[in-house]
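S.K.: If you want the building blocks of each chain, they are given just below.
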Amino acid sequence: QKEVEQNSGPLSVPEGAIASLNCTYSDRVSQSFFWYRQYSGKSPELIMSIYSNGDKEDGRFTAQLNKASQYVSLLIRDSQPSDSATYLCAVIVNSGGYNKLIFGAGTRLAVHP
Amino acid sequence: DGGITQSPKYLFRKEGQNVTLSCEQNLNHDAMYWYRQDPGQGLRLIYYSQIVNDFQKGDIAEGYSVSREKKESFPLTVTSAQKNPTAFYLCASQRTNSGYGYTFGSGTRLTVV
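Protein chains in written order, with our numbering: chain U, 1 to 113; chain R, 1 to 113.
Hints may contain errors.
Claimed, not checked - One side of the interface only, derived from the structure: several residues of chain U facing chain R at Cβ under 10 Å:
hint, residue
1, 48
2, 53
3, 75
4, 96
5, 106
What the hints assert, rightly or not - Anything over 12 Å on all C-beta distances counts as not near chain R; from chain U, calculated:
hint, residue
6, 3
7, 15
8, 16
9, 57
10, 59
11, 60
12, 61
13, 66
14, 111
What the hints contain is simulated information worked out from the structure, not anything from laboratory work.
All of these numbers come straight from a predicted model, not from anything done at the bench.
Positions of the beta carbon are idealized from the N, C-alpha and C atoms, including for glycine.
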């Protein structure tokens, strides 16, 4: 089982709709979860972090965390064509006393006008 | 402005040649990381370092080497032992061995010719 799993997509949504991106992780003791956005050929950009169960909202983005189900999601409201990118879910895993950030393979989102 | 600088942006390597990718940060971050990204895939951890003069192997360290002689610098050498080095290489840093998200450099695209 991969440590962080995402549906690779592509997820296609019309402009103005809600895009829902999902992620599951295997390490039950993980406490820190992130969503990065990556445009083609560019480096990842941190858009959301979440540490507690429940929802965290920032503008059009909402991250949701359910530690019991080992599930993290990202909702993008009022999707815009500029949101078209790959979204990477990442989880901090502790290994031998060192923290390291483990990434899923990413979900490609396409927002069409 | 603080940030992470990777150089060069593009690098071409001949078969059997070692090449070194540069990563410098002025964020006063303790931890630094090297990731590799292949087309359509997520990021895989190569090496990481939490403090000067100390580093650990990530999930795909074979064929790579690093050094951490200064807090600001974490160069990655891709050796001739790495049989499939063509990829996008990303350097990242983090404030401490903590649960905070990572900041990424702009990446180096390495191609074997």
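S.K.: If I take the minimum Cβ distance from residue 57(U) to any residue of chain R, is it greater than 12 Å?
M.R.: Holds: least Cβ distance 17 Å, greater than 12 Å.
S.K.: Is the claim that residue 59(U) lies outside the interface with chain R correct, judged by CB distances over 12 Å?
M.R.: The claim stands: residue 59(U) keeps its Cβ more than 12 Å from every Cβ of chain R (closest is about 17 Å).
S.K.: If we take the beta carbon of residue 3(U), is the closest beta carbon in chain R still more than 12 Å away?
M.R.: violated (9 Å)
S.K.: Taking the closest pair, is the beta carbon of residue 111(U) still more than 12 Å from chain R?
M.R.: Holds: least Cβ distance 19 Å, greater than 12 Å.
S.K.: With 10 Å as the cut and Cβ atoms as the points, is residue 106(U) at the interface with chain R?
M.R.: At 5 Å from the nearest chain R Cβ, residue 106(U) passes the 10 Å test, so the hint holds.
S.K.: Under 10 Å is the threshold here; is the Cβ of residue 48(U) close enough to any Cβ of chain R for the hint to stand?
M.R.: holds (9 Å)
S.K.: Determine whether the non-interface label on residue 15(U) survives the test: each CB of chain R must be over 12 Å from its CB.
M.R.: Holds, because the least Cβ-Cβ distance between residue 15(U) and chain R comes to about 25 Å, which exceeds 12 Å.
S.K.: Would you say residue 16(U) is clear of chain R, with no C-beta pair closer than or equal to 12 Å?
M.R.: holds (28 Å)
S.K.: Over 12 Å from every CB of chain R: does residue 61(U) meet that, or does the non-interface label fail?
M.R.: holds (14 Å)
S.K.: Can residue 53(U) be said to touch chain R, with a Cβ gap under 10 Å?
M.R.: violated (15 Å)
S.K.: With chain R as the partner, please determine if residue 75(U) meets the hint condition of a C-beta pair closer than 10 Å.
M.R.: Interface hint status for residue 75(U): violated (19 Å vs cutoff 10 Å).
S.K.: Quick check for students: does the CB of residue 60(U) sit more than 12 Å from each CB in chain R?
M.R.: Answer for residue 60(U): holds, closest chain R Cβ roughly 19 Å.
Going down the numbered hints, you'll see the structure goes against 2, 3 and 6, while the others check out.
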